[in-house]
Amino acid sequence: MREEELIKIWKKSSDMSHITLNMPLLVTELRNRMESLDGKIGRRDRREIIASVVGMIGFAVIAFIIPYFWTKVSCLLTIVWFAYVIYRLKSASKDKLPDTSLSLFDQLSQRKQYLMKQAKLLNSVFYWYILPPFITNIMFVFGVGQTDTWDSPLSSVLPYLLSEKLTMLSLIAAFYAYITWMNRQAARSNYAPLIREIERVQEGLTRSEEE
Amino acid sequence: MTIKRKSKDSTVFEQAIEDHKDSLYRICHIYAADPLEPADLFQEVVFQAWRSYSSFEEKSRLGTWLYRVAINVCLSAKLKLNRKNDITVKLDAISFQIGKWDEKRDERYEALKSCIEILNESDKSLVVLYLEELSYKEIGSIHGMTENHVAVKMKRIRKKLFDCITKKLGA
Numbered sequence: 001m002r003e004e005e006l007i008k009i010w011k012k013s014s015d016m017s018h019i020t021l022n023m024p025l026l027v028t029e030l031r032n033r034m035e036s037l038d039g040k041i042g043r044r045d046r047r048e049i050i051a052s053v054v055g056m057i058g059f060a061v062i063a064f065i066i067p068y069f070w071t072k073v074s075c076l077l078t079i080v081w082f083a084y085v086i087y088r089l090k091s092a093s094k095d096k097l098p099d100t101s102l103s104l105f106d107q108l109s110q111r112k113q114y115l116m117k118q119a120k121l122l123n124s125v126f127y128w129y130i131l132p133p134f135i136t137n138i139m140f141v142f143g144v145g146q147t148d149t150w151d152s153p154l155s156s157v158l159p160y161l162l163s164e165k166l167t168m169l170s171l172i173a174a175f176y177a178y179i180t181w182m183n184r185q186a187a188r189s190n191y192a193p194l195i196r197e198i199e200r201v202q203e204g205l206t207r208s209e210e211e
Numbered sequence: 001m002t003i004k005r006k007s008k009d010s011t012v013f014e015q016a017i018e019d020h021k022d023s024l025y026r027i028c029h030i031y032a033a034d035p036l037e038p039a040d041l042f043q044e045v046v047f048q049a050w051r052s053y054s055s056f057e058e059k060s061r062l063g064t065w066l067y068r069v070a071i072n073v074c075l076s077a078k079l080k081l082n083r084k085n086d087i088t089v090k091l092d093a094i095s096f097q098i099g100k101w102d103e104k105r106d107e108r109y110e111a112l113k114s115c116i117e118i119l120n121e122s123d124k125s126l127v128v129l130y131l132e133e134l135s136y137k138e139i140g141s142i143h144g145m146t147e148n149h150v151a152v153k154m155k156r157i158r159k160k161l162f163d164c165i166t167k168k169l170g171a
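Those protein sequence lines, which keep their order, are chains A and B. Counted the way the numbering used here counts, the first sequence spans residues 1 to 211. Counted the way the numbering used here counts, the second sequence spans residues 1 to 171.
FYI, nobody ran anything at the bench for these hints, they're computed from the structure. Heads up, some of the hints might be wrong.
Said to hold, decoys possible - Here are the simulated lysine-lysine pairs, DSSO-like style, with alpha carbons at most 27 Å apart:
hint, chain 1, residue 1, chain 2, residue 2
1, B, 159, A, 40
2, B, 168, A, 11
3, B, 167, A, 8
4, A, 8, B, 168
5, A, 12, B, 167
6, B, 159, A, 12
7, B, 78, A, 11
8, B, 78, A, 8
9, B, 80, A, 90
10, A, 8, B, 113
11, B, 90, A, 40
12, B, 155, A, 11
13, B, 113, B, 90
14, B, 80, A, 120
15, A, 11, B, 113
16, A, 11, B, 137
17, B, 155, A, 8
18, A, 12, B, 113
Please model the complete structure; the sequences and the hints are all you need to start from.
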């Protein structure tokens, strides 16, 4: 078989597929899709911010009404942590998905970098998402004083006895351990295989053929 | 100024898509794998090309640039790299009518397709552009490789492809 024949078979393959493009409608539709995608991203970002702001307001109210000093401090630190999480998630979501108009090699490099950043974010969850609130949780729980010094509906749900404090912290620690494990698992199963696959294709592109 | 350029160029974009629709579809056909149909991939290629069109710097031909977008989109879909950006674009402005092939042509194309499919991903992306009769220089610019490197690689890939297809068709 000759080379021209191969190209002919290839090109003839689309003879039976008739693609009709309605050009005026296509451009309008593409513009609409772009706007709707941008709108979706904007709405998701707003939802994340609103949820965090509600959390911050909640802790600010608790900090204001609760009489125990260390518990107040822990609430204020939690607000700072909330702000940090918003910043961290925002800066992670700002990492753009790779530009499909780059050369294949560059696009794969960009994509690999993006995936590695996402994996790092999940792998380091313990240090920025778990440890800071756990420390503030300890301050909160041990900052709670005697029940008779404060009369409020909130006081009925706070841990006053040492055994209650330890039980609450153990449950919180178990929950945080589970979140850490879930995130590390997601980094391993979602990102690591994709990164390996990209490296394999890149290796194929750069490999010398002199052997 | 930029807005004016963009709106002016949409006719150039439309024309380029019209001119290359069959080529782009052939590439999509090779990369489509269940549950993605070639038509789904084709629509995604058009959408992603439109998204990136404002950054097209006219350093290369618009046609070459479209092939670059197509290879990137198709390979990403194949490797399932788009977790955040799943392929869901459905464009009513594009309609597909797929007819039936005669048996002989079908057999020859299927042999070619299955020989392309056994190549590794980087070789596959080179060979589809070679079959579209792009120059080694253009293929190199799409892949981020030198013209020489493409030539050396293509020599080996062509041999592999011919050996495979000869064996399959017995000719």
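Original post:
Looking at the structure, which of the earlier hints fail to hold?
Top reply: 1
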